[in-house]
Amino acid sequence: MSTPLLEINDLHARVEDKPILKGLSLTVNEGEVHAIMGPNGAGKSTLSYVIAGREGYEITGGSIKFRGQEITEMNPEERAAIGLFLAFQYPIEIPGVGTATFLRTAVNEQRKARGEDELDAIGFLKAMRAAAKPLNITDEMLKRAVNVGFSGGEKKRNEVLQMTMLAPSMCVLDETDSGLDIDALRVVADGVNALRGPDKGFLVITHYQRLLDYIVPDFVHVLADGKIVKSGDKSLALELEKTGYVDIQQGLTA
Amino acid sequence: MADQTKFVDEGIAWLAANAPQDAGIADARVAGAKALAELGLPSKRVEAWKYTDLRRFLGASNSNAKASCLTDAVSPQITLSKGGAMVGALPSGVAHADRTDFAITDGLSALRSGAATGSVALTIEEGAAEPLHILNEGGANAVAITVKKFATLTLMESSVADGLSQTLLSITLEDGAKLRHVRLKDSPADSADLTELSVTVGRDATYEQVSVILNAGQTRVTVDANLSAPGCHMRMNAAALLDGQDHFDLSARTNHAIAHCDSHQLYKMVAADKAHGVMQGLINVAEGADDTDAHLLSKSLLLDATATIHQKPELTIFADEVVCSHGATCGALDADALFYLRSRGIPERQARALLIAAFLDDVLLPLADWPDGERLAAILREALQARFDAIVKGAGA
Ligand SMILES: Nc1ncnc2c1ncn2[C@@H]1O[C@H](COP(=O)(O)OP(=O)(O)O)[C@@H](O)[C@H]1O
Ligand SMILES: [Mg+2]
Numbered sequence: 001m002s003t004p005l006l007e008i009n010d011l012h013a014r015v016e017d018k019p020i021l022k023g024l025s026l027t028v029n030e031g032e033v034h035a036i037m038g039p040n041g042a043g044k045s046t047l048s049y050v051i052a053g054r055e056g057y058e059i060t061g062g063s064i065k066f067r068g069q070e071i072t073e074m075n076p077e078e079r080a081a082i083g084l085f086l087a088f089q090y091p092i093e094i095p096g097v098g099t100a101t102f103l104r105t106a107v108n109e110q111r112k113a114r115g116e117d118e119l120d121a122i123g124f125l126k127a128m129r130a131a132a133k134p135l136n137i138t139d140e141m142l143k144r145a146v147n148v149g150f151s152g153g154e155k156k157r158n159e160v161l162q163m164t165m166l167a168p169s170m171c172v173l174d175e176t177d178s179g180l181d182i183d184a185l186r187v188v189a190d191g192v193n194a195l196r197g198p199d200k201g202f203l204v205i206t207h208y209q210r211l212l213d214y215i216v217p218d219f220v221h222v223l224a225d226g227k228i229v230k231s232g233d234k235s236l237a238l239e240l241e242k243t244g245y246v247d248i249q250q251g252l253t254a
Numbered sequence: 001m002a003d004q005t006k007f008v009d010e011g012i013a014w015l016a017a018n019a020p021q022d023a024g025i026a027d028a029r030v031a032g033a034k035a036l037a038e039l040g041l042p043s044k045r046v047e048a049w050k051y052t053d054l055r056r057f058l059g060a061s062n063s064n065a066k067a068s069c070l071t072d073a074v075s076p077q078i079t080l081s082k083g084g085a086m087v088g089a090l091p092s093g094v095a096h097a098d099r100t101d102f103a104i105t106d107g108l109s110a111l112r113s114g115a116a117t118g119s120v121a122l123t124i125e126e127g128a129a130e131p132l133h134i135l136n137e138g139g140a141n142a143v144a145i146t147v148k149k150f151a152t153l154t155l156m157e158s159s160v161a162d163g164l165s166q167t168l169l170s171i172t173l174e175d176g177a178k179l180r181h182v183r184l185k186d187s188p189a190d191s192a193d194l195t196e197l198s199v200t201v202g203r204d205a206t207y208e209q210v211s212v213i214l215n216a217g218q219t220r221v222t223v224d225a226n227l228s229a230p231g232c233h234m235r236m237n238a239a240a241l242l243d244g245q246d247h248f249d250l251s252a253r254t255n256h257a258i259a260h261c262d263s264h265q266l267y268k269m270v271a272a273d274k275a276h277g278v279m280q281g282l283i284n285v286a287e288g289a290d291d292t293d294a295h296l297l298s299k300s301l302l303l304d305a306t307a308t309i310h311q312k313p314e315l316t317i318f319a320d321e322v323v324c325s326h327g328a329t330c331g332a333l334d335a336d337a338l339f340y341l342r343s344r345g346i347p348e349r350q351a352r353a354l355l356i357a358a359f360l361d362d363v364l365l366p367l368a369d370w371p372d373g374e375r376l377a378a379i380l381r382e383a384l385q386a387r388f389d390a391i392v393k394g395a396g397a
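Chains as they are written, first to last, in my numbering: chain A, 1 to 254; chain B, 1 to 397.
Possibly wrong hints are sitting among the right ones.
Unchecked claim - If you only want the chain B side, here are some residues facing chain A, beta carbon under 10 Å, derived: (1) Phe339; (2) Arg342; (3) Ser343; (4) Trp370.
Unchecked claim - Which chain A residues face chain B? A few, computed with CB under 7 Å, are given here: (5) Lys65; (6) Ala80; (7) Ala106; (8) Ala131.
These are computed hints drawn from the structure, not numbers from a lab. Positions of the beta carbon are idealized from the N, C-alpha and C atoms, including for glycine.
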């Protein structure tokens with residue numbers, strides 16, 4: 001068996017002295033799509049930030065390996081360059097930095113870090129337009145500052161555009177579906193599905209089962225109180241939709 | 001007391017004996033020295049000088065003036081230096097005369113007059129469209145610029161002086177005149193700069209200024225803007241990148257003397273290491289200056305805990321039906337934005353540079369409407385970027 005793409009083992013992490021992740025383990029192999037569901041405050045976003053290397057999220061135990069390599073000591077840009085991507089639950093607005101400039105800088109910095117040639121301006125523009133079109137992202141949006149004045153749906157589509165352009169091998173999507181109407185959800189899901197492949201892995205965090213009708217997962221996990229408390233196939237998501245998270249939480253405290 | 005008086009007289013005698021060729025300059029020095037003995041220099045106990053210690057300015061070293069990146073756009077036609085004002089071939093429509101008025105009103109102007117090196121008066125006639133570039137390499141020089149009725153001018157001013165430079169720039173805009181003024185400050189770290197800028201804006205006239213401060217050394221710029229006739233417009237923007245021991249003080253007083261004028265001021269400072277930025281901005285709306293539209297915003301970024309920023313926007317209003325605003329913000333780089341950029345693979349240093357450039361960039365926006373302004377903006381952007389790269393390299397070492 002080949003080395004897992006992402007292997008998280010007994011991960012403990014805290015924010016401002018507050019333990020949030022309490023022994024979380026999860027393995028994503030190449031070609032697999034894993035969904036993580038769980039109640040608000042369970043630690044889903046915390047998990048995504050810890051994987052991406054955000055400052056202030058302190059790992060107090062366990063390990064995160066990417067293709068067998070320990071990444072917990074790497075900074076965010078190094079993690080991005082080896083193929084990790086996080087689509088933010090709440091994408092950040094950056095006034096004064098144009099979307100196209102931002103994308104081009106990111107693409108070329110990652111290429112540089114991997115020892116590849118930078119894309120020239122024309123090559124980049126072509127690739128960006130080709131990626132933007134199916135996501136209904138207009139040239140006008142690409143000229144605006146990153147996420148500034150974007151609607152909720154536009155921000156989420158912009159996340160998928162970045163993911164497409166950066167072509168990561170392991171994508172973590174943090175509630176990319178929340179706040180989207182059904183048409184926007186389809187556009188986003190199509191964008192994600194287009195990136196699926198035998199050498200790619202996905203960790204799709206969602207609060208609702210709905211997204212999983214469009215991005216069909218191989219495995220579904222329930223995250224509650226900082227741990228994976230239940231795992232199954234996609235039928236688990238349907239079951240959760242019926243019973244809600246209450247049973248799980250009660251099960252934990254009982 | 002009598003001894004002190006005698007000492008002043010001896011000093012004045014020495015100045016007279018060592019007087020420069022130009023009789024006007026010699027007179028200005030004697031008058032300055034006499035006035036200084038009476039007036040003295042303002043200490044930090046004076047409210048307007050609370051954040052700036054003049055004694056540090058007097059300790060400036062003579063080294064060599066720097067080069068100006070604006071020279072790439074227009075080569076300077078006038079050079080100010082310790083040897084006085086050198087006037088070369090001027091653009092058509094620009095006339096000049098020697099001028100020796102050092103206008104002593106306080107200790108600071110007395111000091112400048114006492115050190116006088118040269119002066120020049122310029123008159124811009126209608127139709128002068130070519131930019132005028134003044135390169136300031138130091139000394140104590142007085143420049144007066146009058147933009148005649150309906151005339152327009154783009155004025156580029158590069159202050160690259162070493163030592164203690166003291167400049168008086170008096171600008172008068174006649175009715176309907178338009179002056180676009182770009183100021184660059186890029187001097188050696190051990191230099192000091194006392195600049196006084198007075199602007200009088202006439203009926204329906206427009207004054208626009210964009211300043212970029214790359215290397216401040218010790219700098220105090222005092223601006224006195226007078227909106228003196230109906231329908232005048234003023235815009236002043238400044239972006240300052242401060243590092244090391246840099247001290248930059250921009251003290252601007254805007255006087256809305258009459259109704260129906262507008263003024264817009266945007267100041268942005270970024271301070272690293274032990275740098276100190278000061279923005280004191282007073283807007284005065286005089287009695288009867290109704291329908292005034294006056295705004296001042298000062299925003300600062302502190303890159304290190306050792307850097308200091310003081311911002312003091314003030315507004316005094318004695319008129320009715322005015323739309324005025326003033327405000328100041330100060331903070332650190334947005335950590336969320338920094339993480340977002342880095343999570344996309346942009347290295348920390350470059351991510352910081354992008355955010356700082358974005359923070360400063362709207363200061364340059366007015367240039368977009370200037371003839372050839374895009375080129376000026378590109379030069380200034382590149383210079384800011386280079387300066388920032390130098391700052392982070394220094395910090396990373
Ligand atoms: N920056 C932070 N500072 C303090 N507490 C935080 C911070 N981020 C998250 N938390 C806390 O951590 C817990 C998990 O939050 P989060 O990971 O956002 O949950 P989820 O994404 O599952 O809704 C919550 O109790 C939340 O209040
Ligand atoms: Mg969350």
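To see whether the hints hold, each was checked on the structure:
For B:Phe339, the interface hint holds, the least distance from its beta-carbon to any beta-carbon of chain A being 5 Å, beneath 10 Å. Look at B:Arg342: its Cβ gets to within about 4 Å of chain A, closer than 10 Å, so that hint holds up. Taking 10 Å as the C-beta cut-off, the interface hint given for B:Ser343 holds, the closest approach to chain A being about 5 Å. Because the beta carbon of B:Trp370 sits about 20 Å from the nearest beta carbon in chain A, more than 10 Å, this interface hint is broken.
Checking A:Lys65 against chain B by beta carbon gives a least distance of about 19 Å; that is not within 7 Å, so the hint is violated. The interface hint given for A:Ala80 holds, since its Cβ lies 4 Å from the closest Cβ of chain B, which is under the 7 Å cut-off. The interface hint given for A:Ala106 holds, since its Cβ lies 4 Å from the closest Cβ of chain B, which is under the 7 Å cut-off. For A:Ala131, the suggested interface contact is broken, since its CB lies about 14 Å from the closest CB of chain B, more than 7 Å.
Hint check: violations occur at hints 4, 5 and 8; the rest are consistent with the structure.
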